Amino acid sequence: MIRILHCIETIATGGVEQVRLTVIRGVDKSKYEHKIICTWEGGPIADALKAEGVELIPIGGFKHPLQWSKHKAVLKVIQEFKPHIIHGAIFEGMSMAAIGGKLGKVPVVILEETSHPVGRSKKAIFLQRLFAKTADKVIGIAPSVVRYLEEIVKLPKSKILLINNGVSLPRKVAEDDQKLLKEQLGIQEADFVIGSAGRFYNEVKRFTDILEAIKIVKKKKVKFLLLGQGQDQELIEKKAIDLGIRHQLILTGFQQDTAPFFSLMNVFCIASAHEGFGLVAAEAMLHRLPVVATRVGGLADVVVDLETGFLVPPFSPQSIAEKIQLLMEDEALRIKMGEAGYQRAIENYTAERYCQEIDQLYTSLLKQKGIIPPGT
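Residue 1 is where the sequence shown starts when you use full-length UniProt numbering, and the numbers rise one by one after that.
Just so you know, these hints were derived from the structure itself, not from any lab.
With a straight-line cut-off of 30 Å between C-alpha atoms, the simulated DSBU-like cross-links for lysine-lysine are: (1) K133 to K157; (2) K29 to K172; (3) K63 to K137; (4) K215 to K179; (5) K63 to K82; (6) K35 to K137.
Just so we're clear, the structure is a prediction, and the values are computed from it rather than from any experiment.
Model the full assembly from the supplied sequences, consistent with the hints where possible.
Written out as structure tokens, the structure reads:
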């Protein structure tokens, strides 16, 4: 049994922890044993990880990336668990994996850049470059992230590997179930439903920009179906009230099973200020939805402008409104873009492909280190 120690920051409702769950569910359970060190854990993704038999080990938040008391806690876990691979994602996770992997003599060290950092300090970039020296591979989750690792962090190309994030294929939702959910949410047959999803951290996710766009669009039979939870829910609700469109905003909370909600949407919108990948954009494409997204980070890689949806400048509710209006008035365009998005997502962004590539990486590095025989 190959032992994998994952290191991440919080386990709440974000994409990074969702991808850990995808990996743990998707790779061979008879081949791998997983533990996760994190700074904090709670909520449905944490519960789902525990249900998969994964031990979560919260060690508390970092005051700074080199805080020795935290790295001592990581080393204690390494000494007890004796992992063959340590795999760190997000800056704190990379620091844990790099320092713990080096000092704990873990055979394989993998770091994963899950964001497209905006305004990361020179000191942090220097530390990331230093951490990368301990790593066998550094994963970039989108082409834009790979470019960041090459051009800003200045890592050698031989050390970097592109592995696009992946999303599980959605289940089909029965028409009766869709109808019932519409009734429960107060969505009328004539309503045009704009969807979005994510952690309610508005500085990054900019859900308020989508609300402003909805205020601008001419057709008023519009509902904004927003999946998620987080610290800025009150701010989002207040914005809707101030705009006079609170009756158009439908908040569902975090949903582990998103398929019924996506099945009610006509268009998906993601207005992030910056984004490493944009997992929900790929998820929307698998639901055959046209996507209006900001031209930032990995979103500009996932969404093909004028083909699978539209890319717009960040912080531009007017641009979002214009594209929503276009899609609202042209059903044929919605269908065409939705189908193109589905084909792109099936080819590039499925959980199955992601898990295969992670498994191949783990196996190849373990063979290089002589942990498993070359012929297996």
